[in-house]
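Participant: Residue-level listing of the chains:
Number of protein chains: 2
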Amino acid sequence: MKKYVYGVDIGGTNIKFGLFSSPEMELIQKAESSTPLSNHETSIFSLVGEVIESMNKKNCIEMSQIEGVGIAVPCPVKNGYVEKCPNLKWEKLDIYASMNKYLPSNLKIAVSNDANIAAYGENQSLEIPHNNAVFYTLGTGVGGGIIIDGEILEGRTGAGGEIGHMHVFEGTEPCSCGLSGCLEQVCGTSAILKQTIEFSKEYPTRLDLNKLTVKDVFDYAKDGDIVAMKVIDRIGEYMAISASILAVSLDPDIFIIGGGVSKAGDILIDTIKKHYKKHARFNTGDIPFILARTGNDAGIIGAASYVNKK
Amino acid sequence: MKKYVYGVDIGGTNIKFGLFSSPEMELIQKAESSTPLSNHETSIFSLVGEVIESMNKKNCIEMSQIEGVGIAVPCPVKNGYVEKCPNLKWEKLDIYASMNKYLPSNLKIAVSNDANIAAYGENQSLEIPHNNAVFYTLGTGVGGGIIIDGEILEGRTGAGGEIGHMHVFEGTEPCSCGLSGCLEQVCGTSAILKQTIEFSKEYPTRLDLNKLTVKDVFDYAKDGDIVAMKVIDRIGEYMAISASILAVSLDPDIFIIGGGVSKAGDILIDTIKKHYKKHARFNTGDIPFILARTGNDAGIIGAASYVNKK
Numbered sequence: 003m004k005k006y007v008y009g010v011d012i013g014g015t016n017i018k019f020g021l022f023s024s025p026e027m028e029l030i031q032k033a034e035s036s037t038p039l040s041n042h043e044t045s046i047f048s049l050v051g052e053v054i055e056s057m058n059k060k061n062c063i064e065m066s067q068i069e070g071v072g073i074a075v076p077c078p079v080k081n082g083y084v085e086k087c088p089n090l091k092w093e094k095l096d097i098y099a100s101m102n103k104y105l106p107s108n109l110k111i112a113v114s115n116d117a118n119i120a121a122y123g124e125n126q127s128l129e130i131p132h133n134n135a136v137f138y139t140l141g142t143g144v145g146g147g148i149i150i151d152g153e154i155l156e157g158r159t160g161a162g163g164e165i166g167h168m169h170v171f172e173g174t175e176p177c178s179c180g181l182s183g184c185l186e187q188v189c190g191t192s193a194i195l196k197q198t199i200e201f202s203k204e205y206p207t208r209l210d211l212n213k214l215t216v217k218d219v220f221d222y223a224k225d226g227d228i229v230a231m232k233v234i235d236r237i238g239e240y241m242a243i244s245a246s247i248l249a250v251s252l253d254p255d256i257f258i259i260g261g262g263v264s265k266a267g268d269i270l271i272d273t274i275k276k277h278y279k280k281h282a283r284f285n286t287g288d289i290p291f292i293l294a295r296t297g298n299d300a301g302i303i304g305a306a307s308y309v310n311k312k
Numbered sequence: 003m004k005k006y007v008y009g010v011d012i013g014g015t016n017i018k019f020g021l022f023s024s025p026e027m028e029l030i031q032k033a034e035s036s037t038p039l040s041n042h043e044t045s046i047f048s049l050v051g052e053v054i055e056s057m058n059k060k061n062c063i064e065m066s067q068i069e070g071v072g073i074a075v076p077c078p079v080k081n082g083y084v085e086k087c088p089n090l091k092w093e094k095l096d097i098y099a100s101m102n103k104y105l106p107s108n109l110k111i112a113v114s115n116d117a118n119i120a121a122y123g124e125n126q127s128l129e130i131p132h133n134n135a136v137f138y139t140l141g142t143g144v145g146g147g148i149i150i151d152g153e154i155l156e157g158r159t160g161a162g163g164e165i166g167h168m169h170v171f172e173g174t175e176p177c178s179c180g181l182s183g184c185l186e187q188v189c190g191t192s193a194i195l196k197q198t199i200e201f202s203k204e205y206p207t208r209l210d211l212n213k214l215t216v217k218d219v220f221d222y223a224k225d226g227d228i229v230a231m232k233v234i235d236r237i238g239e240y241m242a243i244s245a246s247i248l249a250v251s252l253d254p255d256i257f258i259i260g261g262g263v264s265k266a267g268d269i270l271i272d273t274i275k276k277h278y279k280k281h282a283r284f285n286t287g288d289i290p291f292i293l294a295r296t297g298n299d300a301g302i303i304g305a306a307s308y309v310n311k312k
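If you read the protein sequences in the order shown, they are chains A and B.
End of the first sequence sits at 312 in the numbering used here; the numbers just go up one at a time, nothing left out.
End of the second sequence sits at 312 in the numbering used here; the numbers just go up one at a time, nothing left out.
Extracted from the complex, chain A is given alone in its bound form (with noise of 0.2 angstroms):
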């Protein structure tokens, strides 16, 4: 009897859902639905069970070919505990407790933070996944995820991998952390139009400074623009010291970095790169680089891969 595993990534906007193949992961169907707007403790619970039968029902599949339920969530977890979600509106949730109203309770359900389910999926979607990976994911927010021992790090509440708010700088503007100097301050997607405009008051640009896109950033940096090039050599430097904190600390097979910001490519790679030789200590300098693969359905692979872990 073929076997299945389903990855489910439960945003603030919408919820993704991936039915694989166990334990082959290929991706045999995809569905999006709305995240419901009311009643989120029950209802995000009942759709995603209701969902879950109809992909079910589509493909022909028993429930008892099901092996588990992999689920990503947009906040801090710990053994499937939220205490706050402040984008779902959870607070002191069981998710397992929860999940097991709606699908059958000997399924197995694993349950982490988004980024974390990212870093786990982006690590085992390699071609030999690492035992210690470091994943970066530059957005509106910039999160991540650390692998240890082929294990997500949680961490003691939940907090673990969340580097996007390392202290890389005496900065006193507030983060949305509530604290200042954070890498997010500098590689997040607003702090990134913010750094444009700043620059631009000192340097020549060709950017519309009106209708300011962060991939116009990206692009004209790759065409010489001196203020989109300065702005993308500012986020490599504090990526690298970042990197080189986590290096000392951890020292990871590797780093991945993924996001909509990494959509920038080779630039973004190699300008981090070039900085990271600079501040990386003892041999932590050879420590490779290298872009997310995944992209848009990280959070669906990640989460059915995390199933069997689990």
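No incorrect hints appear here.
Repeated chains share a single entry, so a pair holds when one copy, or any two copies, can fit it.
Within a straight-line C-alpha distance of at most 25 angstroms, the following computed DSS-like cross-link-like pairs (lysine-lysine) qualify: (1) Lys94 <-> Lys279; (2) Lys86 <-> Lys280; (3) Lys4 <-> Lys110.
If you are wondering where the hints come from, they were derived from the structure by calculation, not from laboratory data.
Given chain A's structure and the hints, the job is docking chain B onto it.
Facilitator: Just chain B, lined up with the frame of chain A:
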């Protein structure tokens, strides 16, 4: 038949030995020898073999009663392999193979870096050892060890836990590692003495700057000396920044502060905690800080307890 383990702490000056009952881990006998000054690649291991044989004899113990030997070395080491150890003039050395020439080959040998071993020992010596712990050792050098899921985190090349070389400020003066801005350049003993001199140019002090010791600085700080207090405050601030970074990365259960400088006691921990409250992100603010307890025996205790882990 009673069982025993040895903990051996190899330093650049001395080699310390501890014989412990197993699994109770009661210290039976301690010994210390000077580190041989020549032929380090063989002489150190033959000495370790000799001392263990003589300690066995003295305590009427047969080699068959020894469960294993844990060894702490003063350099990065990965799976028992040392790429380079300047202190001991070792290069590309397999410690398992070297040790097996002088001890029965069926004897379990466990090897790790001395700060990692101290981290392991400190955590094991707690009433209930934690899953995840970060240990700082503040001395001439600043180092540390990271325990994840009860295991020493060596990382890719053994540089895991080298947290004295986290970049925590913008600096230009070179650190012992060759780069600058390292935690060691604030919290190491020479940095402490240097900073005392610096502050004394601006503020009044009762410290005798001609025969200054780190102990004086802490003693006078307890007594309200302005320069001494400023120095301690600066250590506390940068230790707190470093801990806040590790907190959002690893979210450990505890921070343990050891090494010679930690003899300063409560004034050090209290100053770190005061600053940590300002720098801690999310709900990492309540991670406890404690002083290391095993003191000079951290190496032998850690090495001996590590035998039963490996």
